[in-house]
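Chemist: Start from the sequences, fold in the hints, and give me the full structure.
Residue numbers (the numbering used here), protein chains in the order written: chain A, 1 to 252; chain B, 1 to 284.
For the record, the hints were derived by calculation from the structure and aren't laboratory data. Computed from a prediction, not measured in an experiment: that's the story for all the values here. Be aware that a few hints might be false.
[Unchecked claim] Chain A is faced by these chain B residues, among others (derived, beta-carbon under 10 Å):
#	residue
1	N49
2	T58
3	S62
4	V87
5	L90
6	V127
7	A139
8	S160
[Stated by the list, open to error] Now the stretches of chain B that chain A is said to cover, found in silico as 3 or more residues with beta-carbon under 8 Å:
#	region
9	128 to 136
10	199 to 210
Note that beta-carbon positions come from the ideal geometry of N, C-alpha and C, so glycine has one too.
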Amino acid sequence: MNPSASNKPTSRRQFLADSARGVCGAGALGVGLGILAGQARSHAPEALRPPGALPEESFLGSCVRCGLCVRDCPFDTLKLATLTDPVANGTPFFTARDVPCEMCDDIPCVAACPTGALDHGLDNIDDARMGLAVLIDRETCLNVLGLRCDVCYRVCPLLDEAITLELERNTRTGHHALFIPTVHSDACTGCGKCEQACVLDVAAIKVLPRPLAKGELGHHYRLGWEEKAANNGESLIPEQLKLPVRRPGGEQ
Amino acid sequence: MLSVGSDARRIKGFWRSQRWLLLRRLSQLGVLVLFLAGPLAGVWLIKGNLSSSLLLETIPLSDPFIALQVLASGHQPETNLLIGIAVVALFYLLLGGRVFCSWVCPINPVTDLAAWCSRKLGIRRRVAISRHTRFWILALCVVMPLLLGMVVWELVNPVSQFHRGLIFSMGSGWLLVLALFLFDLFVLPRGWCGHLCPQGACYSLLGHQSLLRVRASGRERCYDCLDCYAVCPEPQVIKPALKGAGGDLITSSQCTNCGRCIDICSVDVFAYGTRPATSMEKQP
Numbered sequence: 001m002n003p004s005a006s007n008k009p010t011s012r013r014q015f016l017a018d019s020a021r022g023v024c025g026a027g028a029l030g031v032g033l034g035i036l037a038g039q040a041r042s043h044a045p046e047a048l049r050p051p052g053a054l055p056e057e058s059f060l061g062s063c064v065r066c067g068l069c070v071r072d073c074p075f076d077t078l079k080l081a082t083l084t085d086p087v088a089n090g091t092p093f094f095t096a097r098d099v100p101c102e103m104c105d106d107i108p109c110v111a112a113c114p115t116g117a118l119d120h121g122l123d124n125i126d127d128a129r130m131g132l133a134v135l136i137d138r139e140t141c142l143n144v145l146g147l148r149c150d151v152c153y154r155v156c157p158l159l160d161e162a163i164t165l166e167l168e169r170n171t172r173t174g175h176h177a178l179f180i181p182t183v184h185s186d187a188c189t190g191c192g193k194c195e196q197a198c199v200l201d202v203a204a205i206k207v208l209p210r211p212l213a214k215g216e217l218g219h220h221y222r223l224g225w226e227e228k229a230a231n232n233g234e235s236l237i238p239e240q241l242k243l244p245v246r247r248p249g250g251e252q
Numbered sequence: 001m002l003s004v005g006s007d008a009r010r011i012k013g014f015w016r017s018q019r020w021l022l023l024r025r026l027s028q029l030g031v032l033v034l035f036l037a038g039p040l041a042g043v044w045l046i047k048g049n050l051s052s053s054l055l056l057e058t059i060p061l062s063d064p065f066i067a068l069q070v071l072a073s074g075h076q077p078e079t080n081l082l083i084g085i086a087v088v089a090l091f092y093l094l095l096g097g098r099v100f101c102s103w104v105c106p107i108n109p110v111t112d113l114a115a116w117c118s119r120k121l122g123i124r125r126r127v128a129i130s131r132h133t134r135f136w137i138l139a140l141c142v143v144m145p146l147l148l149g150m151v152v153w154e155l156v157n158p159v160s161q162f163h164r165g166l167i168f169s170m171g172s173g174w175l176l177v178l179a180l181f182l183f184d185l186f187v188l189p190r191g192w193c194g195h196l197c198p199q200g201a202c203y204s205l206l207g208h209q210s211l212l213r214v215r216a217s218g219r220e221r222c223y224d225c226l227d228c229y230a231v232c233p234e235p236q237v238i239k240p241a242l243k244g245a246g247g248d249l250i251t252s253s254q255c256t257n258c259g260r261c262i263d264i265c266s267v268d269v270f271a272y273g274t275r276p277a278t279s280m281e282k283q284p
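Modeler: Here is the structure:
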């Protein structure tokens, strides 16, 4: 730091060697950290982020792991990840099957976040998208078996919006109905009440991170009936389409 | 051979030969107690942890090093974080950045214990790593978020994760702290805090021109017992002030202002002082 303090000023060769050593050492450490970072990005499906959390990639760049959201959660839903938890060290998460989100109206966790990793633009908890409930096992779900459990449907904070019971014919008995719990992604917040309440030993309905649970149509797709509705009920192409008639033997 | 500090103990007595050490432990403990009073006793003076916190439900405090990583990852933070950085940065700008290391950081007692053990056990080690390594690691901690768009060092940072563990839940975080202790004890003396820790490096840059400094104001009394070098976590900072041709102010920002040299010197060479050095005292 102070060349005159030492009798031997560092020679250029020494300086270059020291710098090379520093760069290489830090670089090697960087490779290790890079691998860790890659693993941290693969979000474990059982760990859900608090309401308003930015998409996982941005969340990992904006959360300072201060735990203020954890402190302001009145139901002790949120936890900070430790070294061996399935999400990035120190970041907040909750496990729906243990303690689901109670969807407070004033969203205290979001208000507490100093960085905006939990988006302060979220002012209605019904707009939160922490994950998406999926009836993941139709072989064990009691309703699909033809019984009337209905627990997931009943506990849903958005009753008859996020989960509805869709009627199907019970082909086993021939004269009963199946009441199939059906999740609607435009309403489900991913709070996890359904997963927590599922009466099975292992829940048949589970909340998954949205990117894992949702499919996405090809962007060139047009659904004919929607196009038609948008076009005042008129078809976009002429109703009568002349198609060539092909017969065996090549005769027309 | 007399042990390190026995002169000071004999001449200055128990209190004056450990005053700053005891006050420092009190400060470290006090910070923990403040943070733990909330979760354990329901007294919420301060909420959060050292990474970011809220004092008395109003004043945000944020660690500049961790916030720097967030900024480098390209995130536009809320104003609270920026105010928090400003408050904390101003504090350390005046008192010396590495005051964090010696008076606040929860890892410090661990590495101090390792240094004490190795001194008592006379463990000799041959590994040599430049003390500038921490600045390279600091550069890495800023460059990786720039490239990857995510905070990388906080996945492993033992400093923040130890404090977070004590306040929230430790899980297997003990392993990392144990590893640091063993590294300092058997591999490299003062290895973590004095050579590798990028958080300390960041704070040292922050306190480069700090007001509060240690001064070797009684250096003509020095009789070369070398006790200060033995206890100092950054012994390279002492020599220019103690034996150099210039002033008696320890100007290196690597000095943690821990005051251990003040305690250990039986003839009171060192004392806390302030910058600016007078023109006479300026080191060339």
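Chemist: Work down the list of hints and note, for each, if the structure agrees.
Modeler: Quick rundown of the hints versus the structure:
Satisfaction of the interface hint for N49(B) is found here, the shortest Cβ-Cβ separation to chain A being roughly 6 Å, below the 10 Å cut-off. Because the smallest distance between the Cβ of T58(B) and any Cβ of chain A comes to about 13 Å, over 10 Å, the interface hint for this residue is violated. Taken as an interface hint, S62(B) checks out: its beta carbon lies about 7 Å from the nearest beta carbon of chain A, inside 10 Å. Restraint check, V87(B) versus chain A: the minimum CB separation of about 12 Å is more than 10 Å; hint violated.
For L90(B), the interface hint is violated, the least distance from its beta-carbon to any beta-carbon of chain A being 17 Å, above 10 Å. Nearest Cβ of chain A to the Cβ of V127(B): about 13 Å, over the 10 Å cut. The hint is violated. Taking 10 Å as the C-beta cut-off, the interface hint given for A139(B) holds, the closest approach to chain A being about 7 Å. For S160(B), the shortest C-beta to C-beta distance to chain A is roughly 7 Å, which falls under 10 Å, so the interface hint holds.
Counting residues of the region 128 to 136 of chain B whose beta carbon lies closer than 8 Å to any beta carbon of chain A gives 6, which meets the minimum of three for the stated coverage. Proximity of the region 199 to 210 of chain B to chain A, defined as three or more residues with a beta carbon under 8 Å from a beta carbon of that chain, is not established by the 0 residues found.
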